[in-house]
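> Chains as they are written, first to last, in our numbering: chain A, 725 to 1152; chain B, 725 to 1152; chain C, 725 to 1152.
Derived by calculation from the structure, the hints in this document are not laboratory data. Every value quoted in this text rests on a predicted model; they were computed, and no experiment measured them. Treat the hints loosely; a few may be bogus.
Note that identical chains are pooled: a pair holds if it fits in a single copy or bridges any two copies.
In silico PhoX-like pairs for lysine-lysine, Cα to Cα no more than 25 Å straight-line [said to hold, decoys possible]:
| id | residue 1 | residue 2 |
| --- | --- | --- |
| 1 | Lys-836 | Lys-958 |
| 2 | Lys-989 | Lys-1035 |
| 3 | Lys-1108 | Lys-989 |
| 4 | Lys-728 | Lys-836 |
Each chain is listed here by its residues.
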Amino acid sequence: MRFKFPLIAIGLEIFMIVLFGLFVQYETDQHTQQRNITKPTDLATFLELYPLFQDVHVMIFVGFGFLMTFLKKYGFSSVGINLLIAALGLQWGTIAQGILHSHGQKINIGIKNMINADFSTATVLISFGAVLGKTSPIQMLIMTIIEIAFFAGNEYLVGEIFKASDIGASMTIHAFGAYFGLAVAGILYRPGLRRGHENEESVYHSDLFAMIGTLFLWMFWPSFNSAIAEPGDKQYRAIVNTYFSLAACVLTAYAFSSLVEPRGKLDMVHIQNATLAGGVAVGTCADMTIHPFGSMIIGSIAGIVSVFGYKFLSPLFTTKLRIHDTCGVHNLHGLPGVTGGLAGIVAVAMGASNTSTMVMQAAALGSSIGTAVVGGLITGLILKLPFLGQPSDQNCYDDSVYWEVPRLREHDNHFHGHGDHSQLEPEV
Amino acid sequence: MRFKFPLIAIGLEIFMIVLFGLFVQYETDQHTQQRNITKPTDLATFLELYPLFQDVHVMIFVGFGFLMTFLKKYGFSSVGINLLIAALGLQWGTIAQGILHSHGQKINIGIKNMINADFSTATVLISFGAVLGKTSPIQMLIMTIIEIAFFAGNEYLVGEIFKASDIGASMTIHAFGAYFGLAVAGILYRPGLRRGHENEESVYHSDLFAMIGTLFLWMFWPSFNSAIAEPGDKQYRAIVNTYFSLAACVLTAYAFSSLVEPRGKLDMVHIQNATLAGGVAVGTCADMTIHPFGSMIIGSIAGIVSVFGYKFLSPLFTTKLRIHDTCGVHNLHGLPGVTGGLAGIVAVAMGASNTSTMVMQAAALGSSIGTAVVGGLITGLILKLPFLGQPSDQNCYDDSVYWEVPRLREHDNHFHGHGDHSQLEPEV
Amino acid sequence: MRFKFPLIAIGLEIFMIVLFGLFVQYETDQHTQQRNITKPTDLATFLELYPLFQDVHVMIFVGFGFLMTFLKKYGFSSVGINLLIAALGLQWGTIAQGILHSHGQKINIGIKNMINADFSTATVLISFGAVLGKTSPIQMLIMTIIEIAFFAGNEYLVGEIFKASDIGASMTIHAFGAYFGLAVAGILYRPGLRRGHENEESVYHSDLFAMIGTLFLWMFWPSFNSAIAEPGDKQYRAIVNTYFSLAACVLTAYAFSSLVEPRGKLDMVHIQNATLAGGVAVGTCADMTIHPFGSMIIGSIAGIVSVFGYKFLSPLFTTKLRIHDTCGVHNLHGLPGVTGGLAGIVAVAMGASNTSTMVMQAAALGSSIGTAVVGGLITGLILKLPFLGQPSDQNCYDDSVYWEVPRLREHDNHFHGHGDHSQLEPEV
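Start from the sequences, fold in the hints, and give me the full structure.
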């Protein structure tokens, strides 16, 4: 990737700057220029929502970034390429979503645009989890551009055409990101790695780094599900419901993690991921009157579904469907996202919302999965183009292909300065 | 713990869902149903206090969780069981505190309930520190249920009956949690470990992980001490006083850490813990007019007391009182909590508050310690029941008893793929 | 440092308490005592700005602290001495800045004082990066006192006399801190280490710890640049511009990191640092009407400048100028700070601000660099005094000089309990 990666990155940034010059303005400009616009400014609510934006921001960069550092030799890429994808994605997401919603006007940057820009990157980061360790930075830049375009289209369809409820984006972000990623992973399947790869495992401290990601996602999920909710009752309920759904999910995730292991031990993969499924699954109906105990039921189910997915479905996907999902995003985002979509239909049926219908909710779920699969398949085919720097099977899950890696990986004998130097690894 | 742990966890979660179904409603429901209630909604202040709630949330899950990761082989349990305790505790705390304060009405969930729910888990997490490495997850689930019941009772007594001031909960959370934990640790004392355990030590990076916990606790402590303070002057003072108390505490903690070590070196145990004592000790009088320099004096004293506790008291407790306190919670929460209680009495005597009396403050301190000791002794006896999965002496401070642990703990020779494989540990 | 360090630390804390007793009061006191004061209280905005303060707080303690943990044996000092400096600095900064701005009145503590106190510590923490690993804790306490005095003087000059714009402090904090640190590092130059030091390198996990710092700095930088901005349009723009500047900066930093390495690989030093240059460089004109695409251009340039600095300038500084800059603060804060100062001049020239002039902006830039260099040279000479505990060349970049370090640094063979014990390092 000697020159391809830098030139593509620079080219994309120049493209973004040009697009911003053409289409983006301060929200406050609109008042100066177009006095007849009646839409009230959200400048007044900027500082009020800013803490929620920052919580979401932490989820995107620290949450997703560190959650993926569990692999023993792929921490630089996990946290580093996560940052790269998100930095590009938030610029492109501002444009892609803004164009669709601005009806030919310029895009006025307010706090909700920034939250939505962060949201649109989440979709790509979820898909990134499915192909983690098996793709190049160039491929990820391209996936970012394509996926966010599809995401913005589907999100427009769901919100503006179907007028479906999906305040925490169980369908439009989580299910979408997961099935998009699975489709890409299916196309990029590597038969040579069907028996696994020696680097595809964690070490003790990489699992602790991953817990940093888990906890920041877990703690700030109420902000994720409520950040763009209607102020007042709905936003209040989105926070409260998510808070309790996540708490309930932890209990069932721990219980079933122990239950499905022959010796009853807890598995870090489940703890790092399935504890978050409650946040995903309550997303669609987070702002509805599902009551705290209702959200706890949803969370409990999500924790169980997610653990079962990791334990039983993921191995099947690899062997039978030839889809290898590195981080198990299907179990954290796919299944719980679908659970959330279904919970939304049930909640609407039970009268927990007066703004949507069961049919529209079902259409939203179908559209999200369908668009994701189609978009993912197309993206996968494009990413297969030979000049995009995809690593060889042997080099998968290894930072040293794309990164300068410290001469010594951690504290082997040499670390003490007087140990056996024979383990010194020549710089790769 | 093949089936016991999962069944107990699932049972508790079902119990919580039933309790929530019976007793908990949205705050906004109260207006629809009971128009004659005059207590104003705090929906308006929800978003205003939400950032403070999130700060407390981070303290509970990242702060306490990572603070305890200092042990070299017990990081999964520290951060993982911390999450489990807190997730159960916040549900149970919502009920236990809510029932006492709702006077027969349904519990209306507002932002303060969520903050208080997080607070009630803090008590258990402090006690968890005293028995860290020596107990099973089942024991911790049971301790969570019992301790929060005692905590809620004492908190009601202190706040509603004595009407004492304890805005940052030096007495009701910190001293309570510490002495409760010490009482449990005393009952669970293991003579076989009186000479220590080879796993009861840190490694370099586990100490750095612990600093993540320290810093998030340190930074967000002003939010902890002010989150439920009366809006306006009192909340403002709670933030300002805590900010300066903590800063002063750092200086004395560093100074005395160096002073008590023969070669004048700093000790990570002190830096990780004693730097936080200023937040604990200023808690009771944080919202009083003690003036910034007054809070700095309190913080300075707390830093000194805490370092002395770690250096001189902890060894005595283990050898003489047969109480082994893994994290030294007595030095971080116990002594500084009592210091805070005493500072509150002095502050009230000096006229820094017009809502409490010296007698009531002293009663609150006595009640907190007394309830904690009694509750801790009872809990300890229950936890001694033989079928609760307590680890053997040999297996203490080791994640691998309850967790699937990566085949390789960190980067030993094998990590490079060409080292000496003889160190390969067979999966435990 | 057997007694020197503790006595100096205790003495400084007592000094601070006395100063606070004499000069500092609650903001709310002013109303009680001096009814004729017309300056409105900012108590009303306390909770509104408190989340931004907390973001800045996280940047100071976790951001700067962990960013410097990249060295393999210097993590305790990086995060620990960072905490010590900041805790002292925020107390002293409250006094030093307060005295200058209070015009003979008492200093009223409001939210802006707390933000400014944190800001003043940032300057020292930047300079700390230049001398990291080569100085003693005592030296850092002394540098904190001197540097903040110079900082407060320059900040007063820039803001009150020149009335220049520098809302995100590209000049007064970043350039100032960098050139101050370089001047100190120049005076403290160690010819014995001109060929480097075996400890001056990272290991795999220390680089991941550093990314915690990077990300929290990156995410919260919009708060840093807007925290003390004028409410309304200006604060809104400061947030939006910084958000997009940082995103653009990531793309160019990654591109040029790859471009300047012979094999096209990414370098963790660049990713940890140069991705932040966009936040530094947009600081001066963050609240001006530079438009989102303008801020993206500034961010893009900053990312490039910073990578070039690390790659080409830093080696030159060490060999030709005899200035060894451990963390490369010149590349992260110096060059981007100057870039920010120049961008401010251009922005004023283009009419993006109506409150400042090009001349005053240039004067502010010159004053910041000039004051920093003079202050740094004086400080360096003082720090050279022989009784301040400076480590020998051999002991540089090693925690064990000032810290009790765990018997085992990380997971060597012994970690498994059955490995080869010959690597056991006797406690230093």
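> Please list, smallest to largest, the hint numbers that this structure does not respect.
4
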